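Spelled out, the chains give:
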Amino acid sequence: MIRTRSSSVRARAGHPPGEPRRVAFLYLLPAFAVYAVFLLYPIGRAVHLSLFDWDGLSLGTWAGLDNYVAIVEDEGLRAAFGHALVLVLFYAVGPLVIGLTLAAILNHAKVRGLGFFRTVVFLPQVVAMVVVAVAWRRVYAPDGTLNGLLGALGLDSLTRGWLGDHTFALPAVGVVGTWFETGLVTVLLLAGMSRIPPELYEAARLDGAGALREFLAVTLPSVRGEIAVALTLTVIAALRTFDLVYVTTRGGPGNSTSVPSYEVYHRAFGLGQVGSAAAIGVTLTVVIFAISFVINRVADREVS
Amino acid sequence: MIASTREVRTRNTRGAGTRAVLAAGVVALAAAACAPGSSAPPAASPAQPSASAVRTDAAALGDVTLTIWDQEVRGGQAAQMKQLNAAFEAKYPNITIKRVSRSFDDLNTTLRLALSGNEPPDVVQANNGRPQMGAFVKAGHLRPLDAYAEAYGWKKRYSQSVLQYVSYSADGKVFGQGNIYGLPQVGEVVGILYNAAKLSELGLRPPKTWEEFEAALAKAKAAGEVPLQLGNLDKWPGVHVFGTVQGRHVPADQITTLGFGRKGASWTTPENTRAAEQIVGWVDKGYFNKGFNGQGYDASWQAFGKGEGVFLIGGSWLIADLEKVMGKDLGFVLPPGTGSAPGPVATGGTGLPFAITAKSPNPDAAAAYIDFITNADAMKVLTANGLLPIADTEQQKVKQGPQQDMFTAFGTAAKENGLVPYLDYATPTFADTLGAALQDLLAKKSAPQDFLATLEKDYKTFVESNG
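Those protein sequences? They're chains A and F, same order as listed.
Quick note: the first sequence uses the UniProt record's numbering, first residue 1, plus one each step.
Quick note: the second sequence uses the UniProt record's numbering, first residue 1, plus one each step.
No lab work stands behind these hints, which were simulated from the structure alone.
Keep in mind that a hint or two might mislead.
Listed next, with one range per pair, are the computed distances between beta-carbon atoms [stated by the list, open to error]:
no., chain 1, residue 1, chain 2, residue 2, range
1, A, A290, F, Q160, 56 to 62 Å
2, F, E394, A, W62, 18 to 24 Å
3, A, V134, F, K91, 50 to 56 Å
4, F, E277, A, T167, 22 to 28 Å
Here the structure is a predicted model, which means the values were calculated and not measured.
Where is the CB? At the ideal position from N, CA and C, for every residue including glycine.
Could you build the full structure based on these sequences and the hints that come with them?
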């Protein structure tokens, strides 16, 4: 009895204070179990499935890395990943530029009823994407709002079936993304800007900085963290776009708006190519992870 | 102290490294060992009972609960299903129906998972094509119904041209021949819908020949009307238009071979080229509404109902809804023949057939149910609900108008073997290949030759791998 206690005391003396490490892991166990069952296992299973040629019904056959090779070789799939990257411009870069401008103006001008404007700008985020997509499908229809507006302005030559046009379908889908994400980015940036101490602006103004100079020297560096968060969220949203494409174009016209997530769904549930679908999903996950990693790395480095 | 911590850390990392290697090894072993789907039933199809072994007296089957998945959720379809289910339960109080109905798209996506589970529904509506019924047959998930067909006399009531749409070889490879795996309630035929009021304004009559139809399109265009309404945003509606044009140029047996994805035909023929060129010609002449590739399908036929468009190439399924809006102004004809090929050829088929799952513990009750919803009385109920019954079509009495047109059209096409399959049945990927390629063709992003080469590639690849 005595020996046990003394040995445990000795053991603890050689370690950092607190419970032994094994006990600490025990505390993590419940959360980890949930995480493992609902996240790690499905991911592992998806990786596992991606190595098979499986129709979802009968016995699968081992395919090794064939499904991944096929992603690289398939022109249509490469195009789908390309479309996703184009969507990044609309989902992330566009909203960031608009959001920075909007937030700077709202913050700087100390607009009356700021809460109201913040709500209005944020509103698209509250609406389900499917509803957004159905609404925009009507806007873009040949007899829809957009063409009606163009017609009223005497720009009949510009009217077209936007979602059925090989050149404009992808940008049209992208603009919906811009509209959707701008609110989120703006509100994030507004929160960041409201934490900037007014003294910084006073100092800048005393040094004779104009509005632009003030924005570049004070505002922008202060919200770098928020920019990183906004970019991470919006880039992920762009790369995994599914509902918007599913409802508006189903990848058409031709294959000009096909995106990886749509291909995953389509192959798994429509065509019964579960292995191939899993491989696309895994690849997409890796791409998203890599891009988010780079964004956060860059943001961190510049801060320190 | 510092040294010891460092040492501990290195030891830990080394341990983690070994563990990671071990884990990777285990995962690799497991991956190679347990292939997905290993819990699925053997691929061999379940043994066929003989006709004498099946029981057709549903009242004597004891208490049974049948789970049925259907997609009859719209108007008349939903009404007839409800009515027939109630009648069935009233006739056989020992059988309880547990109905699960979802939209077509939702059923499509969930059926695969449901069938591979251990307790699938007893009766399911499975789409005829290879990605659904074909794949299910191949995996041994559906029960061949030939014994029941004999016991209930289905083969006498359904024409062979209809039964081919629910027939597969036991391995699921050949479509259109072999065992019967399901029974549909309704027929479908793609034809030409017209606005009778607009036709008489233009001084025209419903087209009797293909040449007359083209002349009517030209006249409608000249008069400032939209000659042909099309909404092709959803990709597949164009397939019906192309199929109709193809039927004027390509012999029916070739279309059937292509449509069922069997060996021995080709897309890159002069006949198919002429069909592709004709449809592109219609785009050039402005016969379609502006921006048709960006117009939704529902929006398009609704626009036709409101008087936007003289003609609409579409399926018989649109008639009930359009008749409500257009009344007597709506007309429907089979695509007329050309001078050189006058016989009726129309894309058509069946509604989704009802099939029995292999794992169902109550196949006899399930078959009794399927027989009940497709018997002569059921066909009358379908007619009363504005649908197109697939059997006994000519015996039905309907009032003159679009519904009569539809019955005549389907009856004629079925009787004269003029029904050709939907082109997207051909291969598991063909719906996409054809839908996307047609959008490209109609937007003039690809020439007829490239369009046909794309289709040929998909067809040939599949036919060769299918053996």
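Evaluation of the provided hints:
1. A290(A) x Q160(F): 56 to 62 Å: Holds, since A290(A) and Q160(F) (Cβ atoms, about 58 Å apart) stay within the stated range.
2. E394(F) x W62(A): 18 to 24 Å: 55 Å, violated
3. V134(A) x K91(F): 50 to 56 Å: Between V134(A) and K91(F), where Cβ atoms are some 43 Å apart, the hint is violated.
4. E277(F) x T167(A): 22 to 28 Å: Holds, at about 24 Å.
The structure does not agree with the numbered hints 2 and 3 stated previously, though it agrees with the rest.
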